[in-house]
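Going down the list, the protein sequences come from chains A and B. Just so we're aligned, residue 8 is where the first sequence starts under my numbering, counting upward by one. Just so we're aligned, residue 86 is where the second sequence starts under my numbering, counting upward by one.
Please keep in mind that the hints were generated in silico from the structure rather than gathered at the bench. Careful, some of the hints might be misleading.
What the hints assert, rightly or not - Derived coverage of chain B by chain A (criterion: at least 3 residues anywhere in the stretch with Cβ under 8 Å from a Cβ of chain A; other residues may be distant): (1) 139 to 146; (2) 251 to 264; (3) 319 to 326; (4) 334 to 342; (5) 385 to 399; (6) 427 to 441.
As the list claims (entries may be wrong) - Distance condition first, Cα-Cα at most 27 Å in a straight line; then the derived DSS-like pairs of lysine-lysine: (7) K453(B) to K329(B); (8) K148(B) to K154(A); (9) K148(B) to K391(B); (10) K329(A) to K154(A); (11) K154(A) to K329(B); (12) K154(A) to K146(B); (13) K329(B) to K329(A); (14) K382(B) to K148(B); (15) K149(B) to K154(A); (16) K326(A) to K310(A).
Beta carbons: idealized from backbone N, C-alpha and C, even for Gly.
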Amino acid sequence: MQLRLFDSPATAKIPARADREKLDGESEALLRRYRDARLATGAHPRTVSREVSQVRSLARARGDSMPLAQLFAEAGTLAQALLQPAATIAASTGRSRLIACQRFVRECGPAVGIPDAEAFLAGLDELLPARTHRGWHSAGLIVAGTKARRCPQGPTLYPADLERIVCEGGSSNGARGRRDRALVALHCYSGLRPDEIVGLRTSQLVADATTEQLTIEVRRAGRLLRLPLVAPAAGPLLQLCFDYSEVEPCHRRAVCVFRRTERHDTPLSSRAARKIVQRACSRAGFPLATAVDLRAAFAYWLKLRGLSDHEAASVLGLKQVKSLDVLLRPHAALDAQRRAREVLAE
Amino acid sequence: MIGTFGDLDQPAAVQLSLGLLGVPARELRSRARPRPARKCSLTEDCALIHGFQHLLAATGKSKKTQQAYIYQLDQLLTAARRLGLPEDVGLIDLFRDQALLGRAIIDDRSASRGRLSRWTLAQRRAAVRAFARLMAPELRPLLGTEPEAVVIQALRLVAERIGNGYRLSGGEPRHRGGRVPTPSEIEAIIVEAARAPGFKGKRNRALLTVLRGTGSRVNALREIEGHDIFSLPNGRMRLMLHAKGRSERREVELSGEASRLLFDYIETFNRAAGLAGSLERITLGDAGPVWRGSWRKQWAYQGVAKIFDEACVAAGVHAYRLHSLRRAFATDVESALPRRAVASAGGWHGLDRLDNHYIRPRWEHISKKLGGEMFPGPALEPDHAAAPV
Numbered sequence: 008m009q010l011r012l013f014d015s016p017a018t019a020k021i022p023a024r025a026d027r028e029k030l031d032g033e034s035e036a037l038l039r040r041y042r043d044a045r046l047a048t049g050a051h052p053r054t055v056s057r058e059v060s061q062v063r064s065l066a067r068a069r070g071d072s073m074p075l076a077q078l079f080a081e082a083g084t085l086a087q088a089l090l091q092p093a094a095t096i097a098a099s100t101g102r103s104r105l106i107a108c109q110r111f112v113r114e115c116g117p118a119v120g121i122p123d124a125e126a127f128l129a130g131l132d133e134l135l136p137a138r139t140h141r142g143w144h145s146a147g148l149i150v151a152g153t154k155a156r157r158c159p160q161g162p163t164l165y166p167a168d169l170e171r172i173v174c175e176g177g178s179s180n181g182a183r184g185r186r187d188r189a190l191v192a193l194h195c196y197s198g199l200r201p202d203e204i205v206g207l208r209t210s211q212l213v214a215d216a217t218t219e220q221l222t223i224e225v226r227r228a229g230r231l232l233r234l235p236l237v238a239p240a241a242g243p244l245l246q247l248c249f250d251y252s253e254v255e256p257c258h259r260r261a262v263c264v265f266r267r268t269e270r271h272d273t274p275l276s277s278r279a280a281r282k283i284v285q286r287a288c289s290r291a292g293f294p295l296a297t298a299v300d301l302r303a304a305f306a307y308w309l310k311l312r313g314l315s316d317h318e319a320a321s322v323l324g325l326k327q328v329k330s331l332d333v334l335l336r337p338h339a340a341l342d343a344q345r346r347a348r349e350v351l352a353e
Numbered sequence: 086m087i088g089t090f091g092d093l094d095q096p097a098a099v100q101l102s103l104g105l106l107g108v109p110a111r112e113l114r115s116r117a118r119p120r121p122a123r124k125c126s127l128t129e130d131c132a133l134i135h136g137f138q139h140l141l142a143a144t145g146k147s148k149k150t151q152q153a154y155i156y157q158l159d160q161l162l163t164a165a166r167r168l169g170l171p172e173d174v175g176l177i178d179l180f181r182d183q184a185l186l187g188r189a190i191i192d193d194r195s196a197s198r199g200r201l202s203r204w205t206l207a208q209r210r211a212a213v214r215a216f217a218r219l220m221a222p223e224l225r226p227l228l229g230t231e232p233e234a235v236v237i238q239a240l241r242l243v244a245e246r247i248g249n250g251y252r253l254s255g256g257e258p259r260h261r262g263g264r265v266p267t268p269s270e271i272e273a274i275i276v277e278a279a280r281a282p283g284f285k286g287k288r289n290r291a292l293l294t295v296l297r298g299t300g301s302r303v304n305a306l307r308e309i310e311g312h313d314i315f316s317l318p319n320g321r322m323r324l325m326l327h328a329k330g331r332s333e334r335r336e337v338e339l340s341g342e343a344s345r346l347l348f349d350y351i352e353t354f355n356r357a358a359g360l361a362g363s364l365e366r367i368t369l370g371d372a373g374p375v376w377r378g379s380w381r382k383q384w385a386y387q388g389v390a391k392i393f394d395e396a397c398v399a400a401g402v403h404a405y406r407l408h409s410l411r412r413a414f415a416t417d418v419e420s421a422l423p424r425r426a427v428a429s430a431g432g433w434h435g436l437d438r439l440d441n442h443y444i445r446p447r448w449e450h451i452s453k454k455l456g457g458e459m460f461p462g463p464a465l466e467p468d469h470a471a472a473p474v
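So that you can see chain A by itself, here it is in the shape it has in the complex (with noise of 0.2 Å):
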């Protein structure tokens, strides 16, 4: 009989995670020295976590793992596992492989056997397809990746639906239900990313004197911004601010908003505000809606309340207003469609 996942006894050693993405020690000590090289350089340390696992999979494109002093050593062999990956892979990340081993290859070249990382390149672009290109710019080479959407895309949502998700965000009245609440109210109601949701402070929060409206600043990009916070966001918010006032000293302002318990400062993780408000979307009936289906539902709610392109894109924090086209598109779709229906039941 075929044994399925469930029938598997409980002795049975399913290796860690760590230990499946590991390479070999020569490849990996590689892997290091790339890292602190590249760290050293003054390249963002996420970025370089991002190479050094793209690197990985390279050398795990033929299915069971290659050295990378095997991966390197021939320029065909590289181009084959840019282009024959082991699973079907999108376009940004055959396009982040590419980069990844170009840059591997410029700072680690010579300990892989490659006296010169640019002829060793510029033999790598010899053998990828490019296509057709008309700025200085590009090369326009050719990597796998498919451009296809992976993920299940989810209805697109309406304000009664963001409604129903808020109702749905803390359903208890102690502390971590206040919380998530407000956190869900955040996403549903601010222009605020998920990642400045859960890294907000209080010192964020600035009251205008003059017409006591509450704002949130926020530095995008370089930007500092300051983004209007609706009552819908701002009740929820105030009331989880008023409640740390209660336990913390009142000179401690800039304490996190969204923490893992009451009385600790320490922020809650990114994974964990995620499954807070992916469980409110789904008790209010949207398992598939995302933080941007979040944001294009306010974007409709902005405009249903009369604000303009242009308004609505400086609410949302947005720096290019065509960005809110983008947002807006199923909304129009679905309001077209339903305006035909009229036309049809006539």
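Could you slot chain B onto chain A? The hints should help.
Just chain B now, with coordinates in the frame of chain A:
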């Protein structure tokens, strides 16, 4: 007239009724893509073609596109051999002769029909360019030059020089749409299609009603699975349909009536499957085809087209094609809404295709809007009589 339908294996009574009604018959066309009758001529280029197919898959091209591109390369070689390429040489030699390559790309002679359409030639051109682009590392040393430059030069050799560009001639111009059924005709067709016994009647009614109400493409709707249907808390149903040429799916909201019909069909199917002892069920939210031709299998396009053809015959209307429901949607909605709204509602990328191939203004709409301002004259022909078929 009766003879033209003879190949469709229609019952004699149906053929007779057609003849009596004097319904104009449409030209019979095979619905399936023509397959090469003889053995594929690409055997000598097997390794190249295999690599090409692999790269098409790796760069995200669908299975259908892969098959179409390979088929077009085979047809290219066939055309080149007709134009003088020896039988014992393959694609590489064809790429070495730019003039012959260009003539083979725009050769619109067909073994089965008169002329190939421009659309077919455009697909062949796309296949050749994709082959040159993706297989460049392999082709470059064999040709001694950049393969895509070879294709561009070959196309320029056979193209007409106009202004600062080139224009390719060849291929039969595409027809601009076709006849559009009126709302009463569509209703009659749906009623006839719904007469089928068992779950099939409900299925036919639901599918045709959704097609009529949303203007969706037949295959996009036919291929949905249980997890592509969302039943919202407000009672509405939304479908996530494949959008031609786009990576994201197209979201379509059903009317209350269409939702009810779809639910009815699913319930009837599940009940009938239970009574017949089949374990198959249609479940919203799970994988598995929604539109079934049998207990297990997805309803094939040919099956849908057959039902529609039979319903047209039974309703005594012109022998419309299934796609004419999308034209009817565009035409009827455009009469009341701006074109951009129609394009957004029906999932058209731009206005060109919608304007030129789908919207066929109805005489009834025009006369109703102009009302008393119409000059009293002789009765005009119905709009669809003047439309090219």
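| Hints not upheld, ascending by number | 2, 5 and 7
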